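Visitor: Residue numbers (this note's numbering), protein chains in the order written: chain F, 1 to 354; chain G, 1 to 354.
Since no wrong hints were added, every one of them can be taken at face value.
Computed footprint of chain G on chain F; a stretch qualifies when at least three of its residues, placed anywhere within it, have a C-beta under 8 Å from a C-beta of chain G: (1) 33–40; (2) 46–55; (3) 111–121; (4) 124–135; (5) 142–152.
Which bits of chain G does chain F cover? Going by a derived footprint, with three or more residues having C-beta under 8 Å, they are: (6) 38–51; (7) 116–124.
Calculated directly from the structure, the hints in this document are not laboratory data. Remember, it's a predicted structure, so these values are computed and weren't measured experimentally. Think of the CB as a built atom: it goes at the ideal place given N, C-alpha and C, for glycine as much as any other residue.
Listed here are the chains, written in short residue letters.
2 protein chains.
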Amino acid sequence: MSEPVRPEMLGSCPVPLAHPEQIVLGHGSGGKLTADLIHRFILPAFSNPYLDRLDDQAVVEISGARLAFTTDSFVITPIFFPGGDIGELAINGTVNDLAMSGARPLYLAAALILEEGLAIQDLQRVLDSMRKAAQRANVLLVTGDTKVVNRGKGDQIFITTTGIGVIEHAWNLSADRARAGDKVLLSGSIGDHGMAIMSQREGLEFEGTIESDTAALHGLVAAILAAAGDGVHVLRDPTRGGIGTTLNEIAARSQVGMAIEESTILVRHTVQGACEILGLDPLYVANEGKLLAIVSSEAADAAVEAMHQHELGREARIIGEVVAEHPRMVLMKTGIGGTRIVDTLYGEQLPRIC
Amino acid sequence: MSEPVRPEMLGSCPVPLAHPEQIVLGHGSGGKLTADLIHRFILPAFSNPYLDRLDDQAVVEISGARLAFTTDSFVITPIFFPGGDIGELAINGTVNDLAMSGARPLYLAAALILEEGLAIQDLQRVLDSMRKAAQRANVLLVTGDTKVVNRGKGDQIFITTTGIGVIEHAWNLSADRARAGDKVLLSGSIGDHGMAIMSQREGLEFEGTIESDTAALHGLVAAILAAAGDGVHVLRDPTRGGIGTTLNEIAARSQVGMAIEESTILVRHTVQGACEILGLDPLYVANEGKLLAIVSSEAADAAVEAMHQHELGREARIIGEVVAEHPRMVLMKTGIGGTRIVDTLYGEQLPRIC
Numbered sequence: 001m002s003e004p005v006r007p008e009m010l011g012s013c014p015v016p017l018a019h020p021e022q023i024v025l026g027h028g029s030g031g032k033l034t035a036d037l038i039h040r041f042i043l044p045a046f047s048n049p050y051l052d053r054l055d056d057q058a059v060v061e062i063s064g065a066r067l068a069f070t071t072d073s074f075v076i077t078p079i080f081f082p083g084g085d086i087g088e089l090a091i092n093g094t095v096n097d098l099a100m101s102g103a104r105p106l107y108l109a110a111a112l113i114l115e116e117g118l119a120i121q122d123l124q125r126v127l128d129s130m131r132k133a134a135q136r137a138n139v140l141l142v143t144g145d146t147k148v149v150n151r152g153k154g155d156q157i158f159i160t161t162t163g164i165g166v167i168e169h170a171w172n173l174s175a176d177r178a179r180a181g182d183k184v185l186l187s188g189s190i191g192d193h194g195m196a197i198m199s200q201r202e203g204l205e206f207e208g209t210i211e212s213d214t215a216a217l218h219g220l221v222a223a224i225l226a227a228a229g230d231g232v233h234v235l236r237d238p239t240r241g242g243i244g245t246t247l248n249e250i251a252a253r254s255q256v257g258m259a260i261e262e263s264t265i266l267v268r269h270t271v272q273g274a275c276e277i278l279g280l281d282p283l284y285v286a287n288e289g290k291l292l293a294i295v296s297s298e299a300a301d302a303a304v305e306a307m308h309q310h311e312l313g314r315e316a317r318i319i320g321e322v323v324a325e326h327p328r329m330v331l332m333k334t335g336i337g338g339t340r341i342v343d344t345l346y347g348e349q350l351p352r353i354c
Numbered sequence: 001m002s003e004p005v006r007p008e009m010l011g012s013c014p015v016p017l018a019h020p021e022q023i024v025l026g027h028g029s030g031g032k033l034t035a036d037l038i039h040r041f042i043l044p045a046f047s048n049p050y051l052d053r054l055d056d057q058a059v060v061e062i063s064g065a066r067l068a069f070t071t072d073s074f075v076i077t078p079i080f081f082p083g084g085d086i087g088e089l090a091i092n093g094t095v096n097d098l099a100m101s102g103a104r105p106l107y108l109a110a111a112l113i114l115e116e117g118l119a120i121q122d123l124q125r126v127l128d129s130m131r132k133a134a135q136r137a138n139v140l141l142v143t144g145d146t147k148v149v150n151r152g153k154g155d156q157i158f159i160t161t162t163g164i165g166v167i168e169h170a171w172n173l174s175a176d177r178a179r180a181g182d183k184v185l186l187s188g189s190i191g192d193h194g195m196a197i198m199s200q201r202e203g204l205e206f207e208g209t210i211e212s213d214t215a216a217l218h219g220l221v222a223a224i225l226a227a228a229g230d231g232v233h234v235l236r237d238p239t240r241g242g243i244g245t246t247l248n249e250i251a252a253r254s255q256v257g258m259a260i261e262e263s264t265i266l267v268r269h270t271v272q273g274a275c276e277i278l279g280l281d282p283l284y285v286a287n288e289g290k291l292l293a294i295v296s297s298e299a300a301d302a303a304v305e306a307m308h309q310h311e312l313g314r315e316a317r318i319i320g321e322v323v324a325e326h327p328r329m330v331l332m333k334t335g336i337g338g339t340r341i342v343d344t345l346y347g348e349q350l351p352r353i354c
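Okay, chain F solo, but in the shape it has when bound (with noise of 0.2 Å):
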């Protein structure tokens, strides 16, 4: 049974309820409306044990190597931003889906839709930073693509990494593996990535820049599995739809509840800024370097000691647990102390976030 969808629940403004007949751009949010097109298009179309499992990557066994294989398209706009740009991002993006699974990753593909007009500065600038940021998460882009389309038929650049990773572990790390009495662990602060783009979308000036908080996970991932081993039940990092969205997921996936603290969750002083002026739950905003860990409860004190030891991980906290009651429901405690459902996003806060 799921809650009726009230917009007073959301991050972000009513949204029509019925079925679009076109795509709209909340179908890209991440949220209800991406999960709607995923479940009436997608799985009927394509459904096999892999794919069902909804999780970020697909863990397939090929001649006894057991691999996570994983996809994803960057459309971010503006391709600069203040902490990376989109090369960086692709690159980021696709390692830490490999790296959710508890892979090593290994090898990427890169496939480029250029738009004409393109200066070809940017594309060398954006090339640049897909070289650092695979060296410094020492993957090897094998292979590639490039298309290009006419002026006003793409936008700059549109990048999709896609990438393999070996698993060298036995333990299953998946979004329906969360069971009641485990501690819920975050990395970080959150919404920093989401709010530097919209920061800079919109023209926003404050005393200190926000910057996107890009950064590959797999060495955070790997410190965590080291200490916690196979008490670390789901790793994901809370991309497009923010903390919120991702939370609901895996209490979907897991057919468990969620009751988090809002006073151990952290946001900057800067990213809450933008959030009260713009109008946005940081709770719903991306993030591009932080990861929310699902651990039993005899371990999670020895996780988040690993990931204080870890540059990525110096703030991560206990922000609160997984509960047998109301089940594939999110509640927060608030700071004034009420109790508050997180709900899903329906629709789009922040259009072309990554």
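Once you've looked at the hints, dock chain G against the given chain F.
Guide: Chain G alone, transformed into the frame defined by chain F:
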């Protein structure tokens, strides 16, 4: 030493030779401008032994498994055309790039970039074609991504498919393995795909509709390998840039010459007619269901025989041979007894053909 480019050598109009400051449609042609982009920007950034082979797929080894890995973006316009649509093309194209390494295609990832306003009905039709093509090719679509871009920032639908296949033989098929004395085999008629698209775009009417030849070639490849084994040196599907460009790429990579006979190259009557009307050379027109095989002279007849037994190779022929003379150059004996240089296409005959 490469030949100077003279416009009269080319199948298309003269184009400027200077390096442009901006991306032009020709950068997506699969011809000289694409090669220039790859050699000036992509290879210097990412050079590694896998990528540097410049085959249509990378061959990597993971935990003892030998895998082929390839990616392609499909940006064809119109998205529906006689003989197929963008969905079918996106499956077959990536299956074929895997097959050209002799791999058995196993798993696909699909990333969709949808333009706001795309009719849901059109999306369904494309997904349905993808489903049927994947079933026919016996591959599983195991992971994916969906993004939406604003109206006017895309063109209905772009599809990037990435494939993994397993190589279960020990032979090494690569564009650098052509040797003097090898025979050049072509599996059927040329130009069908490109002229199907072009005729539809230009609104040309013929007695018979020209249909795209889009097809998955892995079965034909298996038949060739079973018959000719390690006598098979190179396999390539001549897509963008046609057989003219593909033969030049092989000649350049293997440092050999090619001598082909125009009279042996099959061009359907309607395709020939459409090419004449539009001033296009069928040698440079894209195919989506044909392959070129470079096979040792000893094994060539067995390979042709095996192709004739397969429905996609009924019209296979030997169209020429690899020679030690004129390295890196493809010469064609024409129907009227002359000899013509078949150079690489410089820019763009047919933009957005796949």
